[in-house]
Amino acid sequence: MMGTGMNLDKVFGIHAQAAQLRSYRGEVLANNIANAETPGYKARDIDFNSLLKAAETKNHGQVPGNSAHIKQSSSEKLANELLYRVPSQPSLDGNTVDMDMEKAEFSKNAMAYQVSMTFLGGKIKGIMSAIRGE
Amino acid sequence: MSLNNIINIAGSGMSAQSVRLNTTASNIANAESISGNKDDVYKAKHPVFTALLESASSAGTGVHGVKVDQIIESSVPAQKRYEPSNPLSDKDGYVYIANVNLVEEMADMIAASRSYQNNVEVMNTAKQMLMSTLKLGQ
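Line by line, the protein sequences are chains A and B. Residue numbers 139 to 272, in this note's numbering, belong to the letters of the first sequence in order. Residue numbers 6 to 143, in this note's numbering, belong to the letters of the second sequence in order.
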C-alpha cells in the first residue's frame, strides 16, 4: 500500500476512529449503568470530542503505512482518559450515577455509532463498485 | 473488543441484580419465620455491590462492571412476641420473629428489577451495534 494504490485508512477517514471511540464510550456508560447501585461508585465518562480531535491530528502527521500510530489509540491508552462526572444529585451512599442521564447518553452514543457504521458502509460500497468496475 | 465488553459489563450488572432479587425473595419468603431463640431466627440478607477493578476479559480499559462483594445480614434486633401456646416459644412464652421489613423489601425488589431491565436494554443496544458492525459492506 506504499505509494501505489490507495490507503484504506484515508478512505475510511475519521469514521473508523470515531467508531472505536464510540464503542469505548459505550463501555464506560454501560459500566455506569451496571454500577448504578454500587455504594461509593463515581460515574465516569470520556471527552469524546477532544479524544477524536487528538486521534485526527495524530493521523494527519502519520507516516503512511505505519500502523503503530493506530495501535496507540487502543483502549489501554484510553483508560488514562477517563474523567469523573460532576454529580447533579449525589446520593447518600456516595454514588453519583444519574440513571436517566446515563441511559440518554448511552442511546445517543449508540445512535452515533450507527451513523459511523452507515458512513463506513457507504465507503465500502463505493470501493466495491470501483473494484467491480460496474 | 469493546462491544463484547459492553455485553460483559451489562451481564455483570444483571447477575448482581439477580443476586439482589434472590435475597429479596428469600427475605420475603422468610418474613414470618419464627424461632424460640433470638440468635437462631432468620435475619434479612442484603447484597453489597462493588465496582470490579480488574477482570481478565477487559484488561486495561478501566471499566469492568460490577460484582456482589458480600451478603450481609441485617443487624436489626428480632422482634419478640408473647405466644405461650406456640410449640417454638421459649421458657417465658416468647417467640422471635425474623427482622424482615416487608415494605423495604418490596421497594428493593422493584428497584432491583428496574436495574436489571436497564442492563438488559444496554445489552440489547450493544447487540444491535455489533450486528450493524458485522453487516458492514453487505
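You may find that some hints are simply not true.
FRET-style restraints, in silico, Cβ to Cβ [unchecked claim]:
{"#": "1", "chain 1": "B", "residue 1": "Gln133", "chain 2": "A", "residue 2": "Leu221", "range": "25 to 35 Å"}
{"#": "2", "chain 1": "A", "residue 1": "Gln227", "chain 2": "B", "residue 2": "Ser80", "range": "27 to 37 Å"}
{"#": "3", "chain 1": "A", "residue 1": "Asp238", "chain 2": "B", "residue 2": "Asn35", "range": "32 to 42 Å"}
Pairs of lysine to any residue, SDA-like flavour, derived with a Cα cap of 25 Å [what the hints assert, rightly or not]:
{"#": "4", "chain 1": "A", "residue 1": "Lys263", "chain 2": "A", "residue 2": "Phe150"}
{"#": "5", "chain 1": "A", "residue 1": "Lys241", "chain 2": "A", "residue 2": "Glu219"}
{"#": "6", "chain 1": "B", "residue 1": "Lys140", "chain 2": "A", "residue 2": "Pro228"}
{"#": "7", "chain 1": "A", "residue 1": "Lys263", "chain 2": "A", "residue 2": "Leu146"}
{"#": "8", "chain 1": "B", "residue 1": "Lys72", "chain 2": "B", "residue 2": "Val53"}
{"#": "9", "chain 1": "A", "residue 1": "Lys241", "chain 2": "B", "residue 2": "Lys50"}
{"#": "10", "chain 1": "A", "residue 1": "Lys191", "chain 2": "A", "residue 2": "Gly151"}
{"#": "11", "chain 1": "B", "residue 1": "Lys48", "chain 2": "B", "residue 2": "Ser23"}
{"#": "12", "chain 1": "A", "residue 1": "Lys241", "chain 2": "B", "residue 2": "Gly16"}
{"#": "13", "chain 1": "B", "residue 1": "Lys72", "chain 2": "B", "residue 2": "Lys140"}
{"#": "14", "chain 1": "A", "residue 1": "Lys246", "chain 2": "B", "residue 2": "Lys140"}
{"#": "15", "chain 1": "B", "residue 1": "Lys72", "chain 2": "B", "residue 2": "Ser31"}
{"#": "16", "chain 1": "A", "residue 1": "Lys241", "chain 2": "B", "residue 2": "Ile115"}
{"#": "17", "chain 1": "B", "residue 1": "Lys140", "chain 2": "A", "residue 2": "Thr256"}
{"#": "18", "chain 1": "B", "residue 1": "Lys132", "chain 2": "A", "residue 2": "Ala242"}
{"#": "19", "chain 1": "B", "residue 1": "Lys48", "chain 2": "B", "residue 2": "Gly142"}
{"#": "20", "chain 1": "A", "residue 1": "Lys261", "chain 2": "B", "residue 2": "Gln133"}
{"#": "21", "chain 1": "A", "residue 1": "Lys180", "chain 2": "B", "residue 2": "Ser40"}
{"#": "22", "chain 1": "A", "residue 1": "Lys148", "chain 2": "A", "residue 2": "Ser226"}
{"#": "23", "chain 1": "B", "residue 1": "Lys132", "chain 2": "A", "residue 2": "Ser245"}
{"#": "24", "chain 1": "A", "residue 1": "Lys246", "chain 2": "B", "residue 2": "Glu126"}
{"#": "25", "chain 1": "B", "residue 1": "Lys50", "chain 2": "B", "residue 2": "Ser40"}
{"#": "26", "chain 1": "B", "residue 1": "Lys140", "chain 2": "A", "residue 2": "Lys180"}
{"#": "27", "chain 1": "A", "residue 1": "Lys241", "chain 2": "B", "residue 2": "Ser40"}
{"#": "28", "chain 1": "B", "residue 1": "Lys50", "chain 2": "B", "residue 2": "Lys96"}
{"#": "29", "chain 1": "A", "residue 1": "Lys263", "chain 2": "B", "residue 2": "Leu8"}
{"#": "30", "chain 1": "A", "residue 1": "Lys241", "chain 2": "B", "residue 2": "Lys48"}
{"#": "31", "chain 1": "A", "residue 1": "Lys246", "chain 2": "A", "residue 2": "Pro228"}
{"#": "32", "chain 1": "A", "residue 1": "Lys180", "chain 2": "B", "residue 2": "Ala36"}
{"#": "33", "chain 1": "B", "residue 1": "Lys85", "chain 2": "B", "residue 2": "Lys96"}
{"#": "34", "chain 1": "B", "residue 1": "Lys72", "chain 2": "B", "residue 2": "Gln122"}
{"#": "35", "chain 1": "B", "residue 1": "Lys132", "chain 2": "A", "residue 2": "Glu243"}
{"#": "36", "chain 1": "A", "residue 1": "Lys148", "chain 2": "B", "residue 2": "Leu141"}
{"#": "37", "chain 1": "B", "residue 1": "Lys140", "chain 2": "A", "residue 2": "Gly259"}
Hint data in this document are derived by calculation from the structure and do not stem from the laboratory. For every residue, glycine included, the Cβ atom is placed at its ideal position computed from N, Cα and C.
- Task: Assess, step by step, whether the Cα of A:Lys241 is no farther than 25 Å from the Cα of B:Ser40, and give holds or violated.
- Result: Answer violated: A:Lys241 to B:Ser40 is near 45 Å, above 25 Å.
- Message: Would the hint linking B:Lys48 and B:Ser23 be met if the CA-CA limit is 25 Å?
- Response: 19 Å, holds
- Taking 32 to 42 Å as the hint, is the beta-carbon distance of A:Asp238 and B:Asn35 inside that range? 34 Å, holds
- Under the criterion that the straight-line Cα-Cα distance not exceed 25 Å, is the pair A:Lys246, B:Lys140 satisfied? Given that 25 Å is the threshold and the Cα spacing comes to 21 Å, the pair holds.
- That 27 to 37 Å hint for A:Gln227 and B:Ser80 (C-beta), does it hold up? 29 Å, holds
- Does the structure keep B:Lys140 and A:Gly259 at a Cα separation of 25 Å or less? Holds. B:Lys140 to A:Gly259 sits at ~8 Å (cutoff 25 Å).
- With a cut-off of 25 Å on the C-alpha distance, tell me whether B:Lys50 and B:Lys96 pass. Violated, at roughly 28 Å.
- Between A:Lys263 and B:Leu8, does the CA-CA distance stay at or below 25 Å? 24 Å, holds
- CA of A:Lys148 to CA of A:Ser226, is that 25 Å or under? Violated, at about 41 Å.
- Task: Starting from A:Lys241, check that the Cα of B:Ile115 is at most 25 Å away, please.
- Result: 18 Å, holds
- Query: Can the restraint linking B:Lys72 and B:Ser31 be considered satisfied, given a maximum Cα separation of 25 Å?
  - Reply: Holds, because 20 Å separates the two Cα atoms, which is no more than 25 Å.
- Item | Pair hint A:Lys180 and B:Ala36, alpha-carbon separation not exceeding 25 Å | 34 Å, violated
Consistency note: the structure conflicts with the earlier hints numbered 6, 9, 13, 19, 21, 22, 26, 27, 28, 30, 32.
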